[in-house]
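S.K.: Chains as they are written, first to last, in the working numbering: chain W, 1 to 283; chain S, 1001 to 1329.
These are computed hints drawn from the structure, not numbers from a lab.
Treat the numbers as computed from the prediction; the structure is a model and nothing was measured.
Hints are not guaranteed to be accurate.
[Said to hold, decoys possible] Computed cross-link-like contacts, DSS-like style, restricted to lysine-lysine with a CA-CA straight-line distance of at most 27 Å:
id	chain 1	residue 1	chain 2	residue 2
1	W	Lys51	S	Lys1021
2	S	Lys1021	W	Lys116
3	S	Lys1137	W	Lys51
4	W	Lys116	S	Lys1137
5	W	Lys51	W	Lys116
[Claimed, not checked] Here are some chain S residues the structure puts well away from chain W; computed CB gaps all over 12 Å:
id	residue
6	Thr1032
7	Ala1125
8	Gly1141
9	Lys1215
10	Ser1227
11	Ala1242
[As the list claims (entries may be wrong)] If you want the footprint, here are the derived chain S segments under chain W, 3+ residues with CB under 8 Å:
id	segment
12	1061-1069
13	1087-1099
14	1148-1157
15	1182-1193
Quick reminder that beta carbons are idealized off the backbone N, C-alpha and C, glycines included.
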Amino acid sequence: MSQHHPVTDAVSASKEVNPLVQALSLEARPQRPGPVATSLAFAWRALLKIKHVPEQLFDVTLTPIIFTLMFTYLFGGALAGSTSGYLQYLLPGILVQTVLITTVYTGFTLNTDITKGVFDRFRSLPIWRPAPVAGALLGDTVRYVIASVVTISLGLVLGFRPAGGVVGVLAGVGLLVVFAFALSWAFTILGLVMRTPNAVMGTSMMVLMPLTFASNIFVDPSTMPSWLQTWVNLNPVSHLVTAVRGTMAGTITSSQVMWVLIAAAALTAVFAPITMAIYRRRS
Amino acid sequence: MTNPEHAVEAQGLVKHFKTTKAVDGVDLVVPTGSVLGLLGPNGAGKTTTVRMLATLLRPDAGSARVLGHDVVHEADAVRSIVGLTGQFASVDEDLTGAENLRLIARLYGFSGAQARARTDELLTAFELADAANRQVKTYSGGMHRRLDLAASMVISPRVLFLDEPTTGLDPRSRGQVWEIVRLLVADGTTVLLTTQYLDEADQLAHRICVIDHGKVIAEGTPAQLKSSVGTGALSLRVEDPADRSAAAEVVARVLGTPVELSGDVSALAARVPDDADAAQRAAALLPELHAAGVRVAEFSLGQPSLDEVFLALTGQRAEEPADPEEEVA
Chain W
1 MSQHHPVTDA VSASKEVNPL VQALSLEARP QRPGPVATSL AFAWRALLKI KHVPEQLFDV
61 TLTPIIFTLM FTYLFGGALA GSTSGYLQYL LPGILVQTVL ITTVYTGFTL NTDITKGVFD
121 RFRSLPIWRP APVAGALLGD TVRYVIASVV TISLGLVLGF RPAGGVVGVL AGVGLLVVFA
181 FALSWAFTIL GLVMRTPNAV MGTSMMVLMP LTFASNIFVD PSTMPSWLQT WVNLNPVSHL
241 VTAVRGTMAG TITSSQVMWV LIAAAALTAV FAPITMAIYR RRS
Chain S
1001 MTNPEHAVEA QGLVKHFKTT KAVDGVDLVV PTGSVLGLLG PNGAGKTTTV RMLATLLRPD
1061 AGSARVLGHD VVHEADAVRS IVGLTGQFAS VDEDLTGAEN LRLIARLYGF SGAQARARTD
1121 ELLTAFELAD AANRQVKTYS GGMHRRLDLA ASMVISPRVL FLDEPTTGLD PRSRGQVWEI
1181 VRLLVADGTT VLLTTQYLDE ADQLAHRICV IDHGKVIAEG TPAQLKSSVG TGALSLRVED
1241 PADRSAAAEV VARVLGTPVE LSGDVSALAA RVPDDADAAQ RAAALLPELH AAGVRVAEFS
1301 LGQPSLDEVF LALTGQRAEE PADPEEEVA
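With these hints in hand, go ahead and build the complete structure from the sequences.
M.R.: Right under this line is the structure:
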């Protein structure tokens, strides 16, 4: 474990000066970093956490695998006539479900930081105030991309052949990540107000389950009773799924894209200020 | 209102949590370059006070200034000159020690290379170089606390808040933390430290504020406080319980203080008064007891405990906190 750092060696070489005294008498005060640099530092921290705690990616990788296999092979034939036909319909939906469920971790991580006291260390620093939250959200987008890569790779192995090609698939993932980033502001609110990380997890799931299941992710809503169809058509997740399917199939319309972008902007416009207000109020 | 010789000044700080008054009108002053010990039991309001001074909590009433900057209206200026270590301002246990320090260095604006150099310097200074690349969750209590301290010294803070810096540490780690604090103070840093231990406040602080139920109930130098309680506590056990009353008589005569008879039939305790020859008189007890024919099984002199300070100051024992959650909320 003992490594050689030029600085460390220099310090221990000058035996006359206690290294502690030397380390404590630092006169230099660097220039305060801007919002972007500060947020990127927090995003770096989020990546380090993924590196050190890879278990947190289990959900992200296992959920889409289980759902894709289960739905494709159990129900695919019955729902769409053939498993491969159903997969073309299902996969973009599973992708959306996976990434949306991953957004829950944003609130969970934030709440863990608060309960462990890490958050207060950051709040005691002279930094751009939204940076810890904004940086964490940025870091989370990496998780969304990992979830997307896993899901799409599995789909390709099983026979998912998107007509939109590489560009369509990338565009679909891009839309999804933008939406997920916006939605995670909602979960940061739960992360700030609830008492334990597990409470955040439970509540977020209670919100997400009806949103993802009562949608067009798994089946075409035309066979549903009319009251449910009304809900499914109102459900923002359905609109998102339609857009992601559209981009991947190469049939996207500009109004579908606009819908996702406007929804993302609206979510951010509503939830980001609320998050920041609660964040400040904690002091 | 602002005195340039005062690094920290607080007037009438109040903080409520729901129905509890965690801090109920605290005034305090820390002269620049000195150490103030905030002494009190769990739930007394020490942490809440420090959190307000460190800009983490907004006071419901009252005001405070750190080096002339208001903690509410100039919070950012305060944050750039204070360091904070404590139960509530921790490091990320999933990351390594080096990563934690690098993150904080980056947040202060060090470049990548500078952040690395500063991290290495701090890890060496705090004797953590060997553990630099281990996750903090594998650290011992003492290592963890040293990293906490290092994290609050990435830039040399002019005012340092230490919230119970040695709670839960073994004696050796405790001594190390004390040594670090002494070095900092010698270097000109102003320190406000909270503690549950009188001996810690005695070792480190120039002045002590005793706090209970959110109020400062006594303030003074360690010597002044201790003299209000007596320099120490004598505890004595006799071999034969029948000798206890004889022993009590000798102790009362020699020390001139009331003797406390506890439930243990062979034990007694007394406070040693704080005057010049008290120690001699306490030492003279043994031959006197011998002369009275009392066989002594145990004889010990100790510093008054926080409990005893409390007993003396409030007339009641220090209470356990009602709800630990309130203290950190």
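S.K.: Next, verify each hint and record whether it holds.
M.R.: Hint-by-hint comparison with the structure:
Proximity of Lys51/W to Lys1021/S is assessed by CA-CA distance (about 43 Å); at most 27 Å being required, the pair is judged violated. Using a Cα cut-off of 27 Å, the hinted pair Lys1021/S and Lys116/W holds, with the two alpha carbons roughly 24 Å apart. Taken as a hint, the Lys1137/S and Lys51/W pair is honoured in the structure, with Cα atoms around 15 Å apart against an allowance of 27 Å. Between the alpha carbons of Lys116/W and Lys1137/S the distance comes to roughly 12 Å, so the proposed pair stays at or under 27 Å and holds.
With a CA separation close to 20 Å, the supplied pair Lys51/W and Lys116/W stays within the 27 Å bound. In this structure Thr1032/S is separated from chain W by more than 12 Å, as the shortest Cβ-Cβ distance comes to about 17 Å. Distance check for Ala1125/S against chain W: the nearest CB is about 4 Å away, which does not clear 12 Å, and the non-interface claim fails. Every Cβ of chain W is farther than 12 Å from the Cβ of Gly1141/S; the closest lies at roughly 15 Å, confirming the non-interface assignment.
Non-interface status of Lys1215/S relative to chain W is upheld: no Cβ of that chain comes within 12 Å, the nearest being about 23 Å off. Even its closest Cβ contact with chain W, about 34 Å, leaves Ser1227/S beyond 12 Å, as expected for a residue assigned away from the interface. For Ala1242/S, the requirement that its beta carbon stay farther than 12 Å from each beta carbon of chain W is met, with the minimum near 55 Å. Three residues within the 8 Å Cβ limit are the bar, and the segment 1061-1069 of chain S against chain W gives 0, so the coverage statement is violated.
A count of 11 residues in the segment 1087-1099 of chain S with a Cβ less than 8 Å from any Cβ of chain W is obtained; the coverage claim is therefore met, three being the minimum. For the segment 1148-1157 of chain S, the stated coverage by chain W is satisfied: 4 residues place a CB nearer than 8 Å to a CB of that chain, which reaches the threshold of 3. With 4 residues having a Cβ less than 8 Å from any Cβ of chain W, the segment 1182-1193 of chain S passes the three-residue criterion, so the hint holds.
The structure does not agree with the numbered hints 1, 7 and 12 stated previously, though it agrees with the rest.
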